[in-house]
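Enquirer: Okay, here's what each chain looks like letter by letter:
Number of protein chains: 4
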Amino acid sequence: MTASSWLNTEEPLRLEVLRGKVVMLHAFQMLCPACVTRATPQASAVAECFAADDFQLIGLHTVFEHHRVMDVDALRVYVAEFRVPFPIAIDQPAENGPVPVTMAKLGLQGTPSTVLVDRAGNISLSHFGVLSDMQLGAMVGQLLAM
Amino acid sequence: MTASSWLNTEEPLRLEVLRGKVVMLHAFQMLCPACVTRATPQASAVAECFAADDFQLIGLHTVFEHHRVMDVDALRVYVAEFRVPFPIAIDQPAENGPVPVTMAKLGLQGTPSTVLVDRAGNISLSHFGVLSDMQLGAMVGQLLAM
Amino acid sequence: MTASSWLNTEEPLRLEVLRGKVVMLHAFQMLCPACVTRATPQASAVAECFAADDFQLIGLHTVFEHHRVMDVDALRVYVAEFRVPFPIAIDQPAENGPVPVTMAKLGLQGTPSTVLVDRAGNISLSHFGVLSDMQLGAMVGQLLAM
Amino acid sequence: MTASSWLNTEEPLRLEVLRGKVVMLHAFQMLCPACVTRATPQASAVAECFAADDFQLIGLHTVFEHHRVMDVDALRVYVAEFRVPFPIAIDQPAENGPVPVTMAKLGLQGTPSTVLVDRAGNISLSHFGVLSDMQLGAMVGQLLAM
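Chains as they are written, first to last, in the working numbering: chain U, 1 to 146; chain V, 1001 to 1146; chain G, 2001 to 2146; chain F, 3001 to 3146.
Hints are not guaranteed to be accurate.
No more than 25 Å apart at the CA atoms, straight line, and that leaves these computed lysine to aspartate or glutamate pairs for DMTMM-like [to be verified]:
#1 F/K3105 x F/E3095
#2 U/K21 x V/D1118
#3 G/K2105 x G/E2011
#4 U/K21 x V/D1133
#5 F/K3021 x G/D2118
#6 G/K2021 x G/E2010
#7 G/K2021 x F/D3133
#8 G/K2021 x F/E3095
To be clear, the hints were calculated from the coordinates, so they are not data collected in a lab.
Same shape as in the complex, but just chain U (with noise of 0.2 Å):
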């Protein structure tokens, strides 16, 4: 994950260091009305519903479109306003092109995206759109038994 900022945290989070958890990524664009309307709110609820001690989520902002409009500013308005909690890291924009470094990295389709890693840094899932509540919570229940 390569992010050229970081909201909602005073520091940076390393996959590395999160070894042990399970870690969900949310990837989502603040202007992506799936994201906005249905999957963040999801996410904020994912973080609730499951102990930190275990299971970390982590959002990254993966715009690939309308890049001005969706820029830092405009984000840390949007996560002030709508409220979202949790940690997100803003995807390095690519050198070339408009799909930035992360997002290219997984292969993600588009946003909303879910990529799920298990405790030993292995990615178990990844799934572009919006997974029901049950099927999500079942996911991470899973990988937390395991």
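Position chains V, G and F relative to chain U; hints supplied.
Expert: Below, chains V, G and F alone, put in the same frame as chain U:
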């Protein structure tokens, strides 16, 4: 589980035979509002979410009040009209008192109640009230991973 | 409106006496899913939305199938458990056939049905199915302004 | 209504020309959560519910904070992504202070706000916050009947 009769199954289900699967009992009454509007539709969603070779949902109609108007004929109409898809055990009436046999044996406090049984046949959860989809998914997911 | 009995009212309501008010009849069955989960809660919201000195909501229990399990004892339990707050007329059973008298007279096609009666006592709408809150609010609002 | 520019319409709408129709102004900001998740979708539903020859919905983008990140470019992206279908006036910035001209003139307290204008051009409602679909439908219905 002591049932006086069953709906939606050709023959009674027996917990002993289900050993190796995760089992969820959904205790309900057909005129309990939180069951009808929330917990029973959620139970149907649980049955759809998890693979049948690994998971079994069983409805348990535990009538402890207004027995006459929730008898087997009424339940049959309810199940047909509301399209409840899963097998349902009708809890055995007690010889004395309103609380039926299985409900008493499991110590359920009311409806809806959720009982989760792990692959070894042990009860891992007994909950009165409605869980969130995410919590319920997480608990079933954890049991399936064990 | 021919009722065999009433619930939630000390004495029967008569449309003639309600002349001058807008009246909404909410025809339902206690085991009709679209009634229980959508139209009856909506009818309760209508009753709350409009002033009692100008508007009267009347429930009409029009049982045309499964009569035994939706008898007056069952309805009484349903109304108490689901906290249905408005006066309910129990439609008069027909001498021949399953469709009760008022339902036949009004030509209702099923449940839920909504019948709106203007201040002069004329039927201005008879609708089978669930209307949106906005449509229903608009129609009652229009009748109240006339 | 003083607009610096318009979206979703070939030419500016003028209230004088709309005399004879009921008009609803939906005052919003593109990063106001109650607007995005509730009031703006509701406004779209209002526009669909009532006939265009009798009723006109006008969005009013009244930015009174975070002006830079809700400028016209950002709004254009928001409107396209969220498929906001109705004409939108962008409120004229004030010469002094953050509150734009029309918002100040109408005395709106924040977003979302709903202003209803009757066929004669008189303001019959000015409401800050989200109304229920039923209340809003009733008020528009009443104005249409007059």
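Enquirer: Look at each hint and say if it fits the structure.
Expert: To see whether the hints hold, each was checked on the structure:
1. Distance check on the hinted pair: F/K3105 and F/E3095 sit about 14 Å apart at the alpha-carbon level, within 25 Å; holds.
2. Distance restraint check for U/K21 and V/D1118: the Cα-Cα separation of roughly 24 Å lies within the 25 Å cut-off, and the hinted pair is therefore satisfied.
3. Annotation: proposed proximity of G/K2105 to G/E2011 holds, straight-line Cα distance about 23 Å (limit 25 Å).
4. With a C-alpha separation of about 22 Å, the suggested pair U/K21 and V/D1133 falls inside the 25 Å cut-off, and the hint holds.
5. For the hint linking F/K3021 to G/D2118, the alpha-carbon distance of about 24 Å falls within 25 Å, and the restraint holds.
6. A C-alpha spacing of about 19 Å is found between G/K2021 and G/E2010, which places the hinted pair at or below 25 Å, so the restraint holds.
7. Taken as a hint, the G/K2021 and F/D3133 pair is honoured in the structure, with Cα atoms around 22 Å apart against an allowance of 25 Å.
8. About 51 Å separates the Cα atoms of G/K2021 and F/E3095, which puts this hinted pair outside 25 Å; it is violated.
Going down the numbered hints, you'll see the structure goes against just number 8.
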